[in-house]
Amino acid sequence: MVWAVFLILSFLCIGSVAAMILSRNQAHNALFLVLSFSSLGGLFGLLDAPFAAAVQVLVYAGAIMVLFLFAIMMFNLRGELPARAKKARLALTAGLGAVLLAELLLAGRKLVLGSPGAAPAAGGDTTRLGHLLFSDYLYAFEITSLLILAALVGALALAGKKEGS
Amino acid sequence: MIPPAAFFILAAVLFVLGILAFFVKKDLLTQFMAVEVMLNAGNLGFLALAKSLGKAEGQVIVLFVITVAAAEAVIGLAIIILIFRQRKTIQTDDLKDLKG
Amino acid sequence: MADLFWLIPLIPGASALGLVLLGAKLSRRWVAWQACSAVFLSFLLSAAAFVHLARLPPGAPGLTKTLLAWISSGPFASPIAFAFDQLTAVMALVVTGVGLLIHVYSTAYMAEDRSYARYFAHLNLFTFFMLVLVMASGLVLMFVGWEGVGLCSYLLIGFWFERPAAAKAGMKAFVVNRVGDAAFIIGILFILTNLGSSSFASINEAAVGGLLRPGLATLVAILLFVGATGKSAQIPLYVWLPDAMEGPTPVSALIHAATMVTAGVYMVCRLSGLYAASIPASTIVAWVGGATALFAATMALVQNDIKKVLAYSTISQIGYMFIGCGVGAYAAGMFHLVTHAFFKSLLFLAAGSVIHALAGEQDMRRMGGLKKHLPVTFPVFLVGALAISGVPFLSGFFSKDAILTGAFASGQYALWGAGLLGAVLTAFYMFRLVYMTFYGKERTAMEPGHSLHESPRAMTIPLVILAVFSVLVGYVGLPVFFGEKADLFGRYLVSSVKSGSHHLAVSTEGLLVLLATASALLGIALAFVFYRRTPALPSRLATRFPGVYRLLVGKYFIDEVYDAVVVRPLVRGAEKVYERFDLRVIDGALNGSAVAAGRAGKGLNFLQSGLVRDYALAFLIGAITFLGFLLL
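Protein chains in written order, with the numbering used here: chain A, 1 to 165; chain B, 1 to 100; chain C, 1 to 632.
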């Protein structure tokens, strides 16, 4: 049963990314990615990481991709479809990609052939996550919030300028 | 139970697809989206590792990655907007000032 | 005082340095006083050392001092060390004594020259190097002096370098000497690899003690002698000396008569052990000397330039010295070196006086009848001419006789005969010179307003001193029939050079002396006939034997032969090498590397496309490679 869910979600994920590659319409690309990220969220859930799954859907699929859509709408690039890439370049990239895939799998072979999964620690993941965030990784946590603030201010400073300056 | 290995393979495939997307596309915005795909693939990998080792640190990392990716997306889009305002194009083929 | 002997070369050296650095700013008076005093001080020190050595018992070691370790690598060491023994003392006295007189003479002769300080700087520098040469304790340091005097010779021959002839003559001297020096160096290398030391003591001991392989002594002796033929202007490397007359006359007197050209003779005497141990080498030395003596004398017969006559005469007389060395009579060779230094420099300086009086005229065909105009120059010149001709009671007689006797005594009758013939020729061409210059009609063409006057005292006083010595210095080496003790010179040198032994009866010696005297008088008489009694005779002979005459005047065309056989092919070869190698290979490599760098840069330009995706591709490839390395 779980396998079926897994398979559906993974096909969705990969399929939408593939569709994104094939489509030349930017709005379509963004929407495909929304789909992909959402299914990814589901996959996170399958990995016993409910918090991560929620955050993924909320932030990634729900905020970041929406931001992309806003940007696309701003550019208003209807009628300007980007050109196709050259065949040779495609072949080269595909080849390199295959090599990289092989390398990655090779690098993770312990994991690939490895344990089916250790039992998760007691106390539930989210609780443990909270514990870790506010003890061992408190520093990083606080810095990250500063980072978000900086990004906010930066974006305002950058794109808040009037046109023509 | 689904072995973490499956998730890891998935993550690898996703990452490579992201790379392919980056090279295939010719406009800045879509290439940026491809970068997001790669980041997510990384997240998936981390979680698979967390599951297989039984530690929660993987999830911590994922959380941070998502946060930083959000910040980065904001700034990146702001820059793309600026480029668009100045050059009236986001085709990367036209943005080759560094040619030498 | 004698242990300050190591200062002898250094004082003129310091003076030279001072003149080089500050000469332009010093007054002429100062320059003259400094240069002459430096040599004078060296002379005093040399005299002190000489006397000190005279008092030592025979066989006692001479004065030595090591200044600097210099070269010391493994088993081979060549320190800067001076060794002052009796042989060196004689040479030092000649160099500083005659050198002093010539320095004084130069103060007047060069008085009107633009580059007064440079002249005396060079002259002092020469004195320094020559003294290093004679005081060196080993071949390597001697070679430093050897090369140094060659350099100074070049500088002084080409002193008036704006004159193309002078510049070329300087080059010729240097290059021809270089050929000899190459052989010299090879000789030194053989010694070094076989003995590990180049000190004269070790070489002589090894040679005498039979430690050298039989062929090695001969080889080294011959190689060193080839160097000597360059420096001392013997066959085949004599060609530079006549051209060297382009330099100022005092230079010709000092360097090309008294000192530098005798360095080869000194070297052979210094290594008397080596040469005595090798009969083939000594034979070569003697025969080259003999051949040169005759050869040069024949060329002197027809020269019209007063200095060229003296130049060929010098070549010839040095040949005599080598005859002496070659037959084992090293002391006789040195004796002739000393007497020759006096009368040859006298002759040169007197000729300079004549040239000075005639405002630069050197061609004897435009001289004549100068006897009454030059009341000091004429008598001293006559003394010099008589001395060199070997007229009895003058120095040349004793020294030449010592050599000829030595040759006869060692059974080399052919050399003795050649020497005798050479004596006739010597007397002939010398008195030819005297008659053409001082007697007969006045053929001079003087500019109006320029009177023919005697030279200033600074020039005539050295002349007189030299003349006195030309007479007296012979008496230190009286031949055997005055008693064994009479040969002061030979006895002085006993510790430092090997001496051949005379085994001649007194009567034989007396006969030889008579023959020598007769040959001298014969030469003078012939000159009288040719140039005083029947002045038309020379030209008549020339027309009767045009081939011979042209051969002699053309100096046997040796210069032309060398030019065609050696110089031109070398120059052409050098040009070819320049074209094929220097321009194409070396310049090509340099330019080529620049062009290649440029092309490489342009070629790699495509990497900088400015496109983000290309850079990303590079990233990707890099990441793949890196990952690959990590995995493997």
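Treat the hints as calculated values from the structure; they're not laboratory data. Keep in mind that the hints are not guaranteed to be accurate.
Simulated crosslink set (DSSO-like; lysine-lysine; CA at most 30 Å straight-line) [claimed, not checked]:
no. : chain 1 : residue 1 : chain 2 : residue 2
1   : C       : 441       : C       : 372
2   : A       : 86        : B       : 26
3   : B       : 26        : C       : 602
4   : A       : 87        : B       : 26
Just so we're clear, the structure is a prediction, and the values are computed from it rather than from any experiment.
Practice item. Run the structure past the numbered hints and jot down the numbers of the failing ones, going up. Key: Violated: none.
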